[in-house]
Amino acid sequence: VSKRTGDHRVAVNVTLDVAPDDVKGDLAAAGLRITATHDLLHVVSGTVDEADIDRLLQVEGVAAVEPDREVRAFGNAGD
Amino acid sequence: MSDWIRERDVAGQPVPGLPTAPTVETTGRLLVLVDTQLSRTGRPTAASLSRAEQALADVVGVSLAHSSEFVEADTGDAELLEAVEGTQGALFDELGVCVIEAHEDWPERLAVATADATVPIAQAEPERVVWAISDFADGYQAGVNGIVEALRTRPSGAAVVAPAWLPGGPFADDASFTWGLRATGVPSAASNGSGSRVAVLDTGVDAMHPDIAAAIRETRSFIDGETVDDGNGHGTHCCGTVAGRRAPSAVPRFGVAPDAELFAGKVLSNAGRGADGGILAGIEWAMRNDCHVVSMSLGADVPAGTPHSRVFEQAASRALAGGTVLIAAAGNASRRPGLVAPIGHPANCPSIIAVAAVDQQLAPARFSSAGRTGDAHVNISGPGVDVVSAAPGGGHRAASGTSMATPHVAGVAAVIRAHADVTGAELALRVLLHAQGLAAPAVDVGAGLCSVPS
Chain A
-12 VSKRTGDHRV AVNVTLDVAP DDVKGDLAAA GLRITATHDL LHVVSGTVDE ADIDRLLQVE
48 GVAAVEPDRE VRAFGNAGD
Chain B
147 MSDWIRERDV AGQPVPGLPT APTVETTGRL LVLVDTQLSR TGRPTAASLS RAEQALADVV
207 GVSLAHSSEF VEADTGDAEL LEAVEGTQGA LFDELGVCVI EAHEDWPERL AVATADATVP
267 IAQAEPERVV WAISDFADGY QAGVNGIVEA LRTRPSGAAV VAPAWLPGGP FADDASFTWG
327 LRATGVPSAA SNGSGSRVAV LDTGVDAMHP DIAAAIRETR SFIDGETVDD GNGHGTHCCG
387 TVAGRRAPSA VPRFGVAPDA ELFAGKVLSN AGRGADGGIL AGIEWAMRND CHVVSMSLGA
447 DVPAGTPHSR VFEQAASRAL AGGTVLIAAA GNASRRPGLV APIGHPANCP SIIAVAAVDQ
507 QLAPARFSSA GRTGDAHVNI SGPGVDVVSA APGGGHRAAS GTSMATPHVA GVAAVIRAHA
567 DVTGAELALR VLLHAQGLAA PAVDVGAGLC SVPS
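Line by line, the protein sequences are chains A and B.
Mapping to our numbering: the first sequence position 43 is 30, numbers consecutive.
For our numbering, count along the second sequence from 1 and bump the result up by 146.
Please keep in mind that the hints were generated in silico from the structure rather than gathered at the bench.
A couple of the hints might just be wrong.
Partial selection, computed: residues in chain B whose CB lies under 10 Å from chain A [unchecked claim]:
no., residue
1, THR349
2, ALA446
3, ARG456
4, ALA462
5, ALA475
6, ALA476
7, GLY477
8, PRO492
9, ALA493
10, SER549
Yeah, the Cβ is synthetic: ideal placement off N, Cα and C, and Gly gets one too.
Same shape as in the complex, but just chain B (with noise of 0.2 Å):
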């Protein structure tokens, strides 16, 4: 199916020999990136949506479903699938993305229409991935991937133009906020994350730090011997990026979502260390605490081409469906530009949200892990070199690794959450749509640059 994929360059002219989708499973339907203009908070507009949709219409003569019905109709999971099955086609208006039938002579015919530098369909590809639903925003963010990866890359992978809505940077701490709450919208964002629920699961936490305790609602210790006290700093850290009070004392503020409830899992020792089974414990208090995200800054590394744990997937999956989504810390074993290593467990779950790290330009981190083998994919990123935020003992400090970017990530979707009451699956593909896209190449920070709705 692969000889007819063709992709444009920002001329317009088709570009001969730009990576085309890699030998996986498909479905049968396409994904379909159309052209649209950007309004100033990076989404299509509507007019340019409308005649894209005509032009869909136009080619292969397709009606449309458009995801924000679905969203206002606050269907579930299993119901948007449905209504998309059920129709020719879903347009999902925020990502300028379209999933279609593939009929025929569709393929054929898209083709000629993204050859057509007047025909505002941008490229069409095989729907790579249509797995259950708890799956569902992993596997259909891996298509757009390689969507976005193929327009921002010529053949060498150098990038070739940065999004029009891409902030100015380098982003450094001011007086009022942290580089990354200011490169993640958070100066300007409608919430704090009221009512939403985050568990962190790390090195414990101070509780009594004054710019954490009151988001603190229950905490528990999973490691043998050691009560929840964070006597590596490391969950504290982490806790505070998710949470942190508005105005903390000293330092500019660091918490994304500071109404919301923390839940802190000690489940790594003071040693920073801990092993798959406290995870797991971890994983199912938070759900039995109705917590609607897992923050996990931890991890093995593991050799490209290793599987992804069945354990944690299925974990992943359940906590998914009944309302959790996982996001775990994608790993700092890369040592760029020399090294660019797999990602870690349990990142590499399809259904647990992979969270590489972006510096102060929002290039990748030198250090962050990257989805080039396998099944893996970063799924977004977040900022996670020099991120300064609370240290046991009431005092703060600058920490770097894609464990500062997980709870950033973390912080991003309390935010979304307060908006809607939705489902997990719901939720994790809405973290994956606001994300900011990046210049760099999506196998280093996947959808872009988490960020909050304003």
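Just chain A, same shape as in the assembly (with noise of 0.2 Å):
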């Protein structure tokens, strides 16, 4: 289940072969809003227009975008 915020957009987490800094300003003309950084990870996390995505994947520096899912704790089994 991904993350909808509205409108058309939609909540991402996009991993980059490079430090997030490098391309922050590359991601934001692609038309992502960026919500948080995870510099040791190389991820950043944000919401985009659907209409974006392929043009945030043609950033120089991005290895992945993927849908902001929906996770829950795996238990308690036996209830």
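Take each chain as given, in its own frame, and dock them per the hints.
Structural data, given as structure tokens:
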């Protein structure tokens, strides 16, 4: 389940081949509103219009764009 | 290459029709399982390893480097691989498994040797995957799992033999320890995890719980509008399993590593739900706090064949390179025996240790997801049925799930880490090497039941 944030924007996580600081401007120019930067992981989180995802993927240094999936606790299986 | 693969049954005879290695990327090297006698701790004896090493020298003229030598020399991961590649092969002493180069006629020679019951060489097959060093433990384990699976099962998949060192079951809680701690060897553990830092990314924690409070080093909430207080109970339960104190009130000890330092990150809401972004933030927080282990009893079920997340795989790879091992629950989507569900996200990432759950008979729990399809593998198992641990408000409760198995493995990792200042990849590998073999297929339980060194 991916998280929708309203209109056509979706929450995404973007993994990078480069340090986030090196491409933040390019990501923003491609339509990404950055909500969190994980420098050690080379991942940025944010929201993007669905129509801009392809543009985001064209940014040099972007390895993958994935929806911010919902996760849950894996227990209690006995209940 | 699969036409030369041979396996032997317990009587030493070739078994036609056993499953061969799946069609996957191979490295040009061979994994060779040698026949060894096991000590009481379940590890091959030095004498039997020596005989096997001589047999390999006789059959293919290979000289082997010993993994114990790398450990003693405290080499880094890159040096370890370089050392392996610089020789004709490496013998992993604790497993009785060799990795050797595959010269032209060696597969055929080894196939003949495996058919000879007098030669202590049990099986040889192509090494399936060698990834970047951060993936070493998982890739290597996948190969080992294949060998173990082939040796322990007939074509029908029915188990044929339980290892001699398998402890007697079924296990039950006693006055001193929960069944899970007894099964994983905690009563005779050499340490309690002192100096190890474990992050539990979950629904928060009851930081005032008398059985957990002393272990908590830091807490943080990544859930908007919620404090780190655990309004669910899941996180407190998991924290308790990792580092509950030695002598809790009213119940037997349930903490695997009571001297470990706990970092409780709230990435799931009080309703038990969260999102990838929060987990990634929690992983980064754990890394910045120099945590050695991250325990994640969470995830999302995925349809069979779903590829793993590249985002999480890269994150896990970077964490491992930075000295942090990620451990995640495989999922509870199975309804055995009729339905066995695939491993969930993010445990299906190769660089994350995927944890299955076993019951008191050390059989796969009915709900435990497994690595039957795709590239995801269960790496190891932990006690996951009727597990007693801490509950918010100072109490205790029993719960079941791969969520409960995962902090057992994290606690074991903390204990192992307390013994040696090792890299993330080596810690992951040691956790797998210390597992007790189980009779169940490796696709269900991986390397076996997590176990602390004694």
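Double-check ALA493 (chain B) for me: the hint is only fine if its C-beta lies closer than 10 Å to a C-beta in chain A. holds, 9 Å
Tell me if ALA462 (chain B) is really an interface residue toward chain A, meaning its C-beta lies closer than 10 Å to one of theirs. holds, 9 Å
Answer holds if the nearest beta-carbon of chain A is closer than 10 Å to that of ALA475 (chain B); otherwise answer violated. Because about 4 Å separates ALA475 (chain B) from the closest Cβ in chain A, which is inside the 10 Å limit, the hint holds.
Quick one, is the THR349 (chain B) hint okay against chain A at 10 Å, beta carbons? holds, 6 Å
Interface hint for PRO492 (chain B), Cβ within 10 Å of any Cβ on chain A: holds, 8 Å
Hint validation: ARG456 (chain B) versus chain A, beta carbon distance must be below 10 Å. Holds or violated? OK, holds: ARG456 (chain B) within 10 Å of chain A, min 4 Å.
Interface hint compliance - ALA476 (chain B) to chain A, C-beta minimum distance less than 10 Å: holds, 8 Å
Closest C-beta approach of ALA446 (chain B) to chain A relative to 10 Å, hint status: holds, 5 Å
Mind checking the CB of GLY477 (chain B) against every CB in chain A and telling me if the closest is under 10 Å? holds, 6 Å
Given a cut of 10 Å on the nearest C-beta pair, is the interface hint for SER549 (chain B) held or broken against chain A? With Cβ-Cβ at 3 Å, under 10 Å, it holds.
Violated hints: none; the structure is consistent with every hint.
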